[in-house]
Amino acid sequence: MKTAARLITSYLAIFMIFWLALVALGHAAGTVELFILVGLAVVAVVLRTRKVLQTPSVPGVGR
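For the sequence shown, the residue numbers in our numbering are 83 to 145.
Hints were generated in silico from the structure; no laboratory data involved.
Among the hints, a few may not be true.
As the list claims (entries may be wrong) - Ranges of calculated distance between the beta carbons of each label pair, as one might list FRET restraints:
no. : residue 1 : residue 2 : range
1   : 113       : 86        : 33 to 39 Å
2   : 117       : 96        : 14 to 20 Å
3   : 127       : 87        : 15 to 21 Å
4   : 121       : 88        : 17 to 23 Å
5   : 86        : 114       : 18 to 24 Å
6   : 90        : 123       : 16 to 22 Å
7   : 87        : 113       : 32 to 38 Å
8   : 84        : 113       : 21 to 27 Å
We treat Cβ as the ideally placed atom computed from N, Cα and C, and that holds for glycine.
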């Protein structure tokens, strides 16, 4: 069940990033869209690494 949710969220994130990239390319001045795109990419990478590197033995790392 966890893997299915992870797959769904990753595909959703990829779809959102792709859609925002298309919107940013469609606009002449898509600075806001590009900023949102970079922010989403950073958040996705941080969430990925936190989920992968979660170690319950170390205090203060994961939840």
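A quick look at each hint next to the structure:
| no. | hint | verdict |
| --- | --- | --- |
| 1 | 113 x 86: 33 to 39 Å | holds, 36 Å |
| 2 | 117 x 96: 14 to 20 Å | holds, 19 Å |
| 3 | 127 x 87: 15 to 21 Å | holds, 18 Å |
| 4 | 121 x 88: 17 to 23 Å | holds, 21 Å |
| 5 | 86 x 114: 18 to 24 Å | violated, 33 Å |
| 6 | 90 x 123: 16 to 22 Å | holds, 18 Å |
| 7 | 87 x 113: 32 to 38 Å | holds, 33 Å |
| 8 | 84 x 113: 21 to 27 Å | violated, 37 Å |
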